[in-house]
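Participant: Produce the entire structure from the sequences given, and follow the hints as far as they go.
For the protein sequence lines, the chains are A and B, in the order given. Residue numbering for the first sequence follows our numbering, starting at -9 and increasing by one per position. Residue numbering for the second sequence follows our numbering, starting at -13 and increasing by one per position.
Don't read these hints as lab results, they were simulated from the structure. Heads up, a few of these hints could be off.
Under the rule of at most 35 Å between Cα atoms (straight-line distance), these lysine-lysine pairs were calculated in the DSBU-like manner [to be verified]:
1) B:Lys63 with B:Lys95
2) B:Lys95 with B:Lys120
3) A:Lys33 with A:Lys91
4) A:Lys33 with B:Lys120
5) A:Lys(-8) with B:Lys63
6) A:Lys(-8) with B:Lys95
7) B:Lys95 with A:Lys91
8) B:Lys95 with B:Lys42
9) A:Lys91 with A:Lys(-8)
10) B:Lys63 with B:Lys42
11) A:Lys33 with A:Lys(-8)
12) B:Lys120 with A:Lys91
13) B:Lys95 with A:Lys33
A partial selection of chain A residues facing chain B, derived with a Cβ cut-off under 8 Å [to be verified]:
14) Val16
15) Pro17
16) Cys84
We put the beta carbon where it would ideally sit given N, CA and C, even for glycine.
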Amino acid sequence: MKLRVHKTTPARPVVELDGILNRDTVPEVRRALLRLAGRRGLKELEIDLTNVRAMDTAGVAVLVEVYRLLEHRDGILRLTHADENIRRIIRLACLDEVFGKTFG
Amino acid sequence: MLTPSIIEIRGLDSYYRGRRVLDGIRFEIPGNQVTVIMGVSGCGKTTLLRHLVGLKPTERGRVFVDGEDLGGFGEQKLQAYRSRIGVLFQSGALFNSLTVAENIGVPLKVHTRLPEETIRIMALIKLNMVGLAKFGDFMPSQLSGGMRKRAGLARALAMDPEILFVDEPSSGLDPITAAGLDRLIVELRETLGMTIVVVTHELESAFHIADQIVVIDEGRVIAAGAPEEIRAADDPRVRQFLSRETDLRPPDLDDYLSIILARNR
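Facilitator: Structure (structure tokens):
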């Protein structure tokens, strides 16, 4: 799993994930995402899921952690380009109410 | 249409205290499909499940996983296989000293490098899937039998297993909860592409969730195929099972008469 931060403005970075977001890759991705989401002055974090080929509930769990951290700081998480498989697993976890609003 | 098989059972016999429980079992379990193993109580379904998950060694016959003989797996390969599967036995089998959420997290702690908080969220997701979102901090002893069973299913799902084995998921559940579990099984297959093996004697549930049904009677496969093929089967025992007809003459009547009449003393 690769993670690239680009189009960076300090308050609104965009993170592009590339690969499979599952129990094997989540530990590294989580560290990077939480570090980014915890930055002072961050208003909005966009996670671009275009190149995420598969995701399991470990992937959903890490998105929940990032969402919670941002929410506590009045920040916003936006998930963009989530394909139907990702949306389905988010629905299976009954988190479409939460993440549905963030889909760009 | 069935996909290529992930597990293949060839000529499997099994014995319990000298009695033959399984007799030349032969069928295949296709990947990303729901296979239902049906039969009356005591027909050998649970024994077969124990063979499939590697808990009971094969004496005669073979179980192949991805083309490799499960009976020939060393400890390392067996561990790798077990990290790919989730198993729910009839009892639910929770650790009484751990909370329900901690129970769900056990396989994740053992098999992954995931941090505590991620594991806790995953446990809550699985508990919600089985309708127990509010019970994560409860102890197993505080749950009813049906709730423990559902918690056991949540634990079987903890690792998002590639292959899920469930033994009588609906037993002891009210019809609404049982229907919810049926829907969950279908969604797991559709969303995560799980290969699911369900052992049950609940006819309605079986025909609702199955892509393939295998009917076992007295340790033998008497029918296997798509639900519509099983419905159309003309084997008298399959017909009897599907129409819920009871035997007028129990199959073990001779044994009973020998015992009560003290014939073999």
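Participant: So, for every hint listed, does it hold in this structure?
Facilitator: So, going through the hints one by one against the coordinates:
1. Taking the CA atoms of Lys63 of chain B and Lys95 of chain B, the gap is about 19 Å. The hint holds against a cut of 35 Å.
2. Taken as a hint, the Lys95 of chain B and Lys120 of chain B pair is honoured in the structure, with Cα atoms around 22 Å apart against an allowance of 35 Å.
3. Under the criterion of a C-alpha separation no larger than 35 Å, the hint pairing Lys33 of chain A with Lys91 of chain A is consistent with the structure, at around 16 Å.
4. Of the pairs offered as hints, the one joining Lys33 of chain A and Lys120 of chain B holds, with about 32 Å between alpha carbons and a cut-off of 35 Å not exceeded.
5. Note on Lys(-8) of chain A and Lys63 of chain B: the hinted pairing holds, with a Cα-Cα distance of about 29 Å set against a maximum of 35 Å.
6. About 25 Å separates the Cα atoms of Lys(-8) of chain A and Lys95 of chain B, which keeps this hinted pair within 35 Å; it holds.
7. A hinted pair counts as satisfied when its Cα atoms are at most 35 Å apart, and Lys95 of chain B with Lys91 of chain A qualifies at roughly 32 Å.
8. The suggested pairing of Lys95 of chain B with Lys42 of chain B holds, with an alpha-carbon distance near 25 Å, which does not exceed 35 Å.
9. Taken as a hint, the Lys91 of chain A and Lys(-8) of chain A pair is honoured in the structure, with Cα atoms around 25 Å apart against an allowance of 35 Å.
10. For the proposed pair Lys63 of chain B and Lys42 of chain B, the alpha carbon gap of about 16 Å is at most 35 Å, so the pair holds.
11. Distance hint between Lys33 of chain A and Lys(-8) of chain A is fulfilled; the C-alpha atoms sit about 24 Å from each other, no more than 35 Å.
12. About 24 Å separates the Cα atoms of Lys120 of chain B and Lys91 of chain A, which keeps this hinted pair within 35 Å; it holds.
13. Using a Cα cut-off of 35 Å, the hinted pair Lys95 of chain B and Lys33 of chain A holds, with the two alpha carbons roughly 34 Å apart.
14. About 6 Å separates the beta-carbon of Val16 of chain A from the nearest beta-carbon of chain B, less than 8 Å, and the hint is met.
15. Interface restraint check for Pro17 of chain A: the shortest CB-CB distance to chain B comes to about 5 Å, inside 8 Å, so the restraint holds.
16. Below 8 Å, beta-carbon pairs count as interface contacts, and Cys84 of chain A has one with chain B at about 6 Å; its hint therefore holds.
The structure is consistent with each of the numbered hints, conforming to all of them.
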